[in-house]
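Chemist: Sequences are here, hints too, so could you generate the full structure?
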Amino acid sequence: MPLVFAGVVSHGPGITGRYERADKELREALYENFYRLGAELKEARPDVLIVVAAEHFANFFMDNMPAYAMGMAEYYEGPIEDEQWLGIKRRKIPGNAQLSGLIVEKLLQRFDLAYSQEWQFDHGIMVPLNFLTPDYDVPIIPVNINCQGPPLTPLARAYDFGRELGRICAALPERIAIVGTGGISHWPATPDSGKINESWDREFLEHWLSNDRAALTAYSDEETYLAAGQGGFEIRTFIAVSGATEGCTGELYFYAPIPIFAVGCTVARVKLTL
Amino acid sequence: MSLYYVQKLLYQLNRDPHTRSRYETDIDSLLTDYDLDEEESAAIRRPDIGLLYVMGVNGQLLMHYAALHGFEWDEYIGAMRAALKEHGSVRAGLYGSVDSESKF
Numbered sequence: 001m002p003l004v005f006a007g008v009v010s011h012g013p014g015i016t017g018r019y020e021r022a023d024k025e026l027r028e029a030l031y032e033n034f035y036r037l038g039a040e041l042k043e044a045r046p047d048v049l050i051v052v053a054a055e056h057f058a059n060f061f062m063d064n065m066p067a068y069a070m071g072m073a074e075y076y077e078g079p080i081e082d083e084q085w086l087g088i089k090r091r092k093i094p095g096n097a098q099l100s101g102l103i104v105e106k107l108l109q110r111f112d113l114a115y116s117q118e119w120q121f122d123h124g125i126m127v128p129l130n131f132l133t134p135d136y137d138v139p140i141i142p143v144n145i146n147c148q149g150p151p152l153t154p155l156a157r158a159y160d161f162g163r164e165l166g167r168i169c170a171a172l173p174e175r176i177a178i179v180g181t182g183g184i185s186h187w188p189a190t191p192d193s194g195k196i197n198e199s200w201d202r203e204f205l206e207h208w209l210s211n212d213r214a215a216l217t218a219y220s221d222e223e224t225y226l227a228a229g230q231g232g233f234e235i236r237t238f239i240a241v242s243g244a245t246e247g248c249t250g251e252l253y254f255y256a257p258i259p260i261f262a263v264g265c266t267v268a269r270v271k272l273t274l
Numbered sequence: 001m002s003l004y005y006v007q008k009l010l011y012q013l014n015r016d017p018h019t020r021s022r023y024e025t026d027i028d029s030l031l032t033d034y035d036l037d038e039e040e041s042a043a044i045r046r047p048d049i050g051l052l053y054v055m056g057v058n059g060q061l062l063m064h065y066a067a068l069h070g071f072e073w074d075e076y077i078g079a080m081r082a083a084l085k086e087h088g089s090v091r092a093g094l095y096g097s098v099d100s101e102s103k104f
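Taken in order, these protein sequences are the chains called A and B.
Going by our numbering, the first sequence opens with residue 1, and the numbers climb by one from there.
Going by our numbering, the second sequence opens with residue 1, and the numbers climb by one from there.
Take these hints with a grain of salt, some might be off.
Unchecked claim - Quick list of in silico lysine to any residue cross-link-like pairs, SDA-like style, CA-CA up to 25 Å:
{"#": "1", "chain 1": "A", "residue 1": "Lys24", "chain 2": "B", "residue 2": "Lys8"}
{"#": "2", "chain 1": "B", "residue 1": "Lys8", "chain 2": "A", "residue 2": "Gln84"}
{"#": "3", "chain 1": "A", "residue 1": "Lys195", "chain 2": "B", "residue 2": "Ser29"}
{"#": "4", "chain 1": "A", "residue 1": "Lys24", "chain 2": "A", "residue 2": "Pro134"}
{"#": "5", "chain 1": "B", "residue 1": "Lys8", "chain 2": "A", "residue 2": "Ala114"}
{"#": "6", "chain 1": "A", "residue 1": "Lys271", "chain 2": "A", "residue 2": "Ala39"}
{"#": "7", "chain 1": "B", "residue 1": "Lys8", "chain 2": "A", "residue 2": "Phe61"}
{"#": "8", "chain 1": "A", "residue 1": "Lys89", "chain 2": "B", "residue 2": "Glu72"}
{"#": "9", "chain 1": "A", "residue 1": "Lys92", "chain 2": "A", "residue 2": "Phe111"}
{"#": "10", "chain 1": "A", "residue 1": "Lys42", "chain 2": "A", "residue 2": "Thr249"}
{"#": "11", "chain 1": "A", "residue 1": "Lys42", "chain 2": "A", "residue 2": "Ala73"}
Unchecked claim - Chain B stretches covered by chain A per the calculated footprint, using a threshold of three residues with CB under 8 Å from any CB of chain A:
{"#": "12", "region": "6 to 14"}
{"#": "13", "region": "54 to 67"}
Honestly, the hints are just simulated from the structure, not real lab data.
All C-beta atoms, glycine included, are put in the ideal place defined by N, C-alpha and C.
Modeler: See the structure below:
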């Protein structure tokens, strides 16, 4: 059946790891919208949640970097980071190996993605799950798009990957939800940490909310890096969700630059009309 | 310069308890597994977080190495900023690409 839920969120580790240092009002508004999205996800009664993430050299490194990878394990573990540093306790997270395998097989007809039967989630997945499925009771199928080590997959390819993923999910009987997590502009873990290009973010979000494929995929990596930092490469995860929900517009629940979280914190949902 | 192997060592330290244990008990033996020059080995041993940043180590790897050595967040950011003043701009890797010819 068509996707039952789709959205995008930020995942900066500061959101949970340095929460006490943020402006209280902004932080609470962000958390409230994270939990709102989580409540709506729960109402959609998903059998699995696909998380399209941009991990940070936790499982995939430059010795053998896949442009796209999908988890295919019975369970995952995370966070890989120090529990206290991230503010999230380490645990097992259920997967769905059988359904992952089926989706991988179908994706391989058009995309040469990698699969992984062992995957330690980093903050890129753990921070979203901490709010969206705090009981860790929804099986997760992780997807990684390399957004860290260039060369990177083209943006149009990320859109088309999402479109193919959405098409495959629609033909399956399971109730499948999808959440993309990344960007938008940020300079994570560098001396410029805390810098956020709000106008660039808002323009990108306009394109995302209107699911404007041409505008979403028109950025070059060079201009993204210069205007939006290395973290800007992670727009691929948002774009993949746009591809999976082509023809649908979105609703912005929350956007605010929160420098100590090192990112323009974003929570948005796709209004599904698939 | 072997930025790749400096980063590989930090990647493995971050994710692998066995590598971490070797790092703590026998760093000499561990470092021989990686193709590092003298400056790199010295920066890892000190550890000189700021210099590692200037060498081009990605922050997504470096911030965990800093945390492993007890750096608080502001201390970590401060170490990188101080090193930029001391050593000049980032020499290699993604962050070094801004001042050089486009790598994209």
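Chemist: Going through the numbered hints above, which ones does this structure break? Give me the numbers in ascending order.
Modeler: 1, 3, 9
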